[in-house]
Amino acid sequence: SCSRAKDVTMPAKLPVNFFPTTSPVIDLFRGQLDSAEQLRQDSEIVLYFFYAPWCGQSIAAREEIQHVASRLSDQVLFVAINCWWNQGKCRKQKHFFYFPVIHLYHRSFGPIEYKGPMSAVYIEKFVRRVMTPLLYISSRSKLLDFLSNYEPGVLGYFEFNASPQPPGYLTFFTSALHSLKKDYLGTVRFGVITDRRVAEELSLERSGTVYLHRHANTSLIYPKDIMNFTAENICKWALENREMLIRWLRPHGGKSLLLNNELKKGPALLIFIPYNPLAEIHPLLDEITKVALEYHKCNKSQAPEPDLQHLGDTESPAFDSSVTDAHLKLSETFSITKYPCCNTVVLPQWHSISRTHNVCELCVNQTLGVKPNKVHVPHCNFLEIEAALDSFYLQEHTFFQVISNTIECSNFLSFYSPFSYYTACCRTVNRHFLSFISSEKTIFQTPKVAFSSHGKKDNTQFSIPHIEDRNCFIPDLNISSMNITGLSCRTNKTLNLYLLDSNLFWIYAERLGASRSAHLKEFAAIVDMKEEVHYVLDQNQSLVGPTLENFIKNFSVLYSPLKRHLVDDPSVHFQEQHVITEVTTHTFHETVFVSQKNVLLLYYSQWCGFCASLNHIFIQLARLLPPDNFTVARIDVTRNDLPWEFMTDRLPTILFFPHQRKEHSVKFPEDFSINLPNLLKFILHHSSLSSSERCTKECRHTESVLQQGHISHLEREIQKLRSEISALHQAHGQLEAQLSEARREEQRLQQQKHTLEKQHKTLQLHSEQLQATYDQKNQELLEMAEKLQELADASENLLKENALLRILVASREGKLQSRDETKEPLQSEQTLPEDNTSPSTATATAEEERIDNIGTIETEHSSGNRTQ
Amino acid sequence: LDVASYRERVRAMFYHAYEHYLESAFPYDELRPLTCDGQDTWGSFSLTLIDALDTLLILGNVSEFQRVVNVLQEGVDFDIDVNASVFETNIRVVGGLLSAHLLSRKAGVEVEAGWPCSGPLLRMAEEAARKLLPAFQTPTGMPYGTVNLLHGVNPGETPVTCTAGIGTFIVEFATLSHLTGDPVFEDVARKALKALWKNRSDIGLVGNHIDVITAKWVAQDAGIGAGVDSYFEYLVKGAILLQDKELMSMFLEYNKAIKNYTKFDDWYLWVQMYKGTVSMPVFQSLEAYWPGLQSLIGDVDNAMRTFLNYYTVWKQFGGLPEFYNIPQGYTVDKREGYPLRPELIESAMYLYRATRDPTLLELGRDAVESIEKISKVDCGFATIKDLRDHRLDNRMESFFLAETIKYLYLLFDPDNFIHNDGSDFDVVITPYGECVLNAGGYIFNTEAHPIDPAALHCCRKRKEEQWEVEDLMREFYSLKKTRKFALKRPSDRGEAESAKDSEDAEKAGEKRNSKKSSHSLLSCPSQSFNSKLAVLGQVFLDNT
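Chains A and B, in that order, give the protein sequences. Just so you know, we're using UniProt numbering here: the first sequence kicks off at 1 and counts up by one. Just so you know, we're using UniProt numbering here: the second sequence kicks off at 1 and counts up by one.
If you are wondering where the hints come from, they were derived from the structure by calculation, not from laboratory data. Wrong hints could be hidden among the right ones.
What the hints assert, rightly or not - Distance condition first, Cα-Cα at most 27 angstroms in a straight line; then the derived BS3-like pairs of lysine-lysine: (1) A/K181 with B/K315; (2) A/K264 with A/K94; (3) A/K13 with B/K315; (4) B/K376 with A/K13; (5) B/K373 with A/K94; (6) B/K334 with A/K89; (7) B/K191 with B/K216; (8) B/K463 with A/K13; (9) B/K259 with A/K255; (10) A/K255 with B/K532; (11) A/K264 with B/K263; (12) A/K530 with B/K532; (13) B/K376 with A/K89; (14) B/K532 with A/K264; (15) B/K334 with A/K92; (16) A/K13 with B/K334; (17) A/K521 with A/K115; (18) B/K315 with A/K255; (19) A/K92 with B/K373; (20) A/K255 with B/K256; (21) A/K521 with B/K532; (22) A/K89 with B/K315; (23) B/K334 with A/K94; (24) A/K115 with B/K315; (25) A/K115 with B/K216; (26) A/K264 with B/K259; (27) A/K94 with B/K315; (28) B/K532 with A/K265; (29) A/K530 with A/K265; (30) A/K720 with B/K463; (31) B/K376 with A/K182; (32) A/K89 with B/K373; (33) B/K106 with A/K720; (34) B/K263 with A/K255.
Let the sequences and hints guide you as you build the complete structure.
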């Protein structure tokens, strides 16, 4: 019966519209890639949305795409293509490992894949970037805006006066698009200057110059003479040399080592802010950027370039003049104030053939007991850096050997001032990278004295006040002798700064202890992966520049006032009625140490199979132990951090904190199985109830209390036994009922057996009777056969007699003929027919009998079958 | 992600399939969704109904649970001349009946006084299990794969059984033994497990199929998937359920070998069991249970990394093909189907307990969307015959309602009683004493039938322990401590049970010391610092 439908299969359902027909998105739900390509010819900007109709992510992104499309449909063509339908062109030509895939085209340039978050604002921002990959910088203020951004910017200077399109402009434009392909977050921004005067601000003189702006290091000019001026090269150059003072982290959701790689670099400050990529202004972000710039502002000897609008009062940003300025202005103040400065130094090549250079970042790394100036922070002291360079070149040989891609740092003392030391961080880079750095190499002289490395500690660290009080953040940096400016180069606990959009990644903040109830999703934490600690900026403080600065400063000092943050589980509410007390980070001390009871504490975690299967044992234990003297508690250590000394590395772990000796906690030995008797023995062994030996009045009192406890325990036990007895009774009753049921059943069966036996007997009787009749019939048959035989014999005899008679008759006739010839023949004809008829009727009756016989045998057989 | 709405969609999926089964297929084993009729597949036990029973309770449908319990009591007969798979009958029928038995009180079924140590469903489970026992009568103790429920092992039955078919009994059989007091079930299950352990290769791996008479490996591919999967699963779950160090140490040894020889870039491949050379670079749909198992023993980091690999395959096809060629990044010929298997969702549920990572809910979302879009037909949900074009087959396996739907629902229902962390429990008075039950920590058998570990401590063996506890409590309340109950030394009172306990413990301790491990085998490592940030696809490399 099964075979009919065995091979029934059904092809996949036909594809239907994925987007509503009213949507501005053109839905090619049969995967018509060819139509998609035709459509592309008509529009400057096209967005392809490749989806699979069954894919959850495609379904989720659908709304977002529609939203973007409704806003940009007049400028951008949105085409959705079902790239799953196996009859469709798209499926046949493209091979995607995930859905949806978004491709953008700017005229013939593309595809540019969008890999960012599937959120309408981010997609829209990206589409807009593809629409206008270059920002048009028309004025000085726009230039300042552009340069002040925390994200690296590339500027091209092209004069449009002469020809409609200056040479190189198209390449530059393409490279901007290209960068979107490479760096989907779009962190490198591209701008174009067409005005000579604006270009002069940056000392860009020749049309076609490409300039990479950097805040902390020297800005660069694209080395046309070394690298070919192609879109790809420009993009590569910008990505390689860009400066990442503060980075956005945007995990894409798939398996990724992003955080692993970033956090392994060293301590990281993660700042969570709600971010709308489409917003015109980001005041909070600007403020954070300002802190980040200050933090990284190490090198003051060069390019005091326009940093932020707020600092925009700096005039004429051309390097050579500023260096001289600084020189003139600061040489006088040299002895009073020393500010951290850094400079990039390229060591001369060891072998002229070598394709690599050693590059060192040299920093003046000191702050002296002299109070910082109240006046506006001056730029880096030229002499200072020169002195540093002197010391550095003295030790140059030490750095020559370094051939490594990682940065290696070492310190050495200044010979000008006994209080300062320098830090040089060196690494090896390819030669082309250096072409301009080397051009501005500072003069140096042969030094006379040299001190060997690893200078003294920064002695200002001790004077730093704790800045935790929320009402007392200090916008005036003078209170702290440590300045945020350039701190990143002075401290040996340099922080990497990261931004996360709390609209997308708030979960990380929650993991680090951000309160779930906070309506303002702003949060900052310093994560130190190596030390396995993290610190949290007090959430009661609003996230503004000064609090952030203080947070960084507090982290940077040697004896940091920051406390390791312990995340606790806010979902746990203390419930009195639970037999087991649920402990959290917050209640740990209170429950375990302050309480006047013996405490048995179970470290567990909900996911650990070995813990969860023990629940019932601890519940039994808690119900057994007198609640006045004992607390059975547990803590989910996955959701609740504890101070180091109370951490365990295995789960479950059972600790016992005896009353009055809480500091002497004992651990349940791991090689014993965890069951009720063992736990009781363990508690018994360590509990303080057994302490008193000699019996005083007090002891008698405790005894009576104990006995009281015992009595109540016994009462409970009795109660339990009673209920047990009743349960037994019930079971007994049940059994009884079952038994009587069974008896009845037995009786019934017995009766049934009797009747069956009777039936059997009658059947037997019947069969005997049948047998008898059978025998009888058989007998009769035999007799019949015998009779037949007899008849046959008789007829044979008759025949013989007949023959004899004929012979006799014949002989008589012969005799008679001889006597009388005329009368005799008539007589002989009359006798013959009479003799022939009798034997033939006999055979017929015998045959009938035989058929009857077979019939009876057959019926007997079938009746025999039935009785069996 | 709107968890509540997805939960309701899963519920609707369940009833769509369940009601059509009752309407068109019952009392056959399975529904055929394309032809709207039924067929017997693994026996003739109305398998889908037995399998779906506890899912009803997890969805909160108490009345239907009660009705089905009655239907099964009336209608299911194991005295039938049917050749049944020992493995499938155990996990689906015995497991299903056992969990239904243990949950029946919670479902409001009126239980008899001896519950959970007796009851009609338990008797049915026992009856079914007894039908399987003849298969274990082999020289090695490893069972035949097939047994006739009426006549025992057929003459001429093949002696070749897959590894999982030998090592997937301990959870159900030990539960049966603990509840009924008849040790025969646990004994045969343990004997079979030990026989496999004894026959592992020199490098510590087991193959795929073995001859249960001669103990020769017939298929020598070693991996974690088809043919082997639930053997490893039951070593861990048996260790947890029975607090058994021996089973756990077996697993840990295997785990080491598996990591050494089969693990590449968080994938697990197939290797030759004696040489360790890669024989098939494929990922099998059945292997996706592994991350869930890892999370149970605390290896959450590795679990998550492997899970994320598997998830990419789902994203590519909208399901997991039976075989996926990893280097080629595509399905394997003849193995393109997806019979709506639960394994990846199962792992997601376990991992979600551990990490609360929204990525896991996203897998749940994808599973709901895919299954509804691709395999929903008028009469139920059809197996996907080919993931490349989403052609459907005329079958709906019983595990779809027993496992796939159950795990999906549990993923979207964090407050379900199954996730109970021990804050709720029931106290039940039995003829054997007072028991604490339903305190969480349910162990799912490999067909997703939950077993309450507390129930195993409830019957028979309880009395001796109770007397000991009573003695200890007396000691507790007396002032002069005799200290004769010291944990370290076996008690000198000569009480057989307690002395044996301590001896056992000491023996185990010695065993461990000789192996030089510094911690109890029955424990998980606590999570590292970076696990705080290991969500939304972020993974961290070990510091070592």
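Hints and how they fare:
1. A/K181 with B/K315: Judged against 27 angstroms, a Cα distance of about 23 angstroms means the pair holds.
2. A/K264 with A/K94: Roughly 37 angstroms separates the two Cα atoms, so the pair is violated.
3. A/K13 with B/K315: 19 angstroms, holds
4. B/K376 with A/K13: Since the Cα atoms of B/K376 and A/K13 sit roughly 10 angstroms apart, the hinted pair holds (cutoff 27 angstroms).
5. B/K373 with A/K94: 22 angstroms, holds
6. B/K334 with A/K89: Given that 27 angstroms is the threshold and the Cα spacing comes to 25 angstroms, the pair holds.
7. B/K191 with B/K216: The given pair, whose Cα atoms are some 17 angstroms apart, holds under the 27 angstroms limit.
8. B/K463 with A/K13: 62 angstroms, violated
9. B/K259 with A/K255: At roughly 20 angstroms apart (the allowed maximum being 27 angstroms), A/K255 and B/K259 satisfy the hint.
10. A/K255 with B/K532: 16 angstroms, holds
11. A/K264 with B/K263: 25 angstroms, holds
12. A/K530 with B/K532: Answer holds: A/K530 to B/K532 is near 14 angstroms, not above 27 angstroms.
13. B/K376 with A/K89: 26 angstroms, holds
14. B/K532 with A/K264: 15 angstroms, holds
15. B/K334 with A/K92: Judged against 27 angstroms, a Cα distance of about 20 angstroms means the pair holds.
16. A/K13 with B/K334: With a Cα-Cα distance of about 22 angstroms, the restraint between A/K13 and B/K334 holds, given a limit of 27 angstroms.
17. A/K521 with A/K115: 25 angstroms, holds
18. B/K315 with A/K255: Within the cut-off at roughly 13 angstroms; holds.
19. A/K92 with B/K373: At roughly 21 angstroms apart (the allowed maximum being 27 angstroms), B/K373 and A/K92 satisfy the hint.
20. A/K255 with B/K256: Distance ~24 angstroms between A/K255 and B/K256 Cα, so the pair holds.
21. A/K521 with B/K532: 19 angstroms, holds
22. A/K89 with B/K315: Distance of about 20 angstroms is within 27 angstroms: holds.
23. B/K334 with A/K94: 23 angstroms, holds
24. A/K115 with B/K315: 16 angstroms, holds
25. A/K115 with B/K216: 53 angstroms, violated
26. A/K264 with B/K259: 25 angstroms, holds
27. A/K94 with B/K315: At roughly 15 angstroms apart (the allowed maximum being 27 angstroms), B/K315 and A/K94 satisfy the hint.
28. B/K532 with A/K265: 18 angstroms, holds
29. A/K530 with A/K265: Measuring from Cα to Cα gives roughly 9 angstroms; hence the hint holds.
30. A/K720 with B/K463: Cα-Cα ~14 angstroms, so holds.
31. B/K376 with A/K182: Since the Cα atoms of B/K376 and A/K182 sit roughly 41 angstroms apart, the hinted pair is violated (cutoff 27 angstroms).
32. A/K89 with B/K373: 21 angstroms, holds
33. B/K106 with A/K720: 21 angstroms, holds
34. B/K263 with A/K255: 17 angstroms, holds
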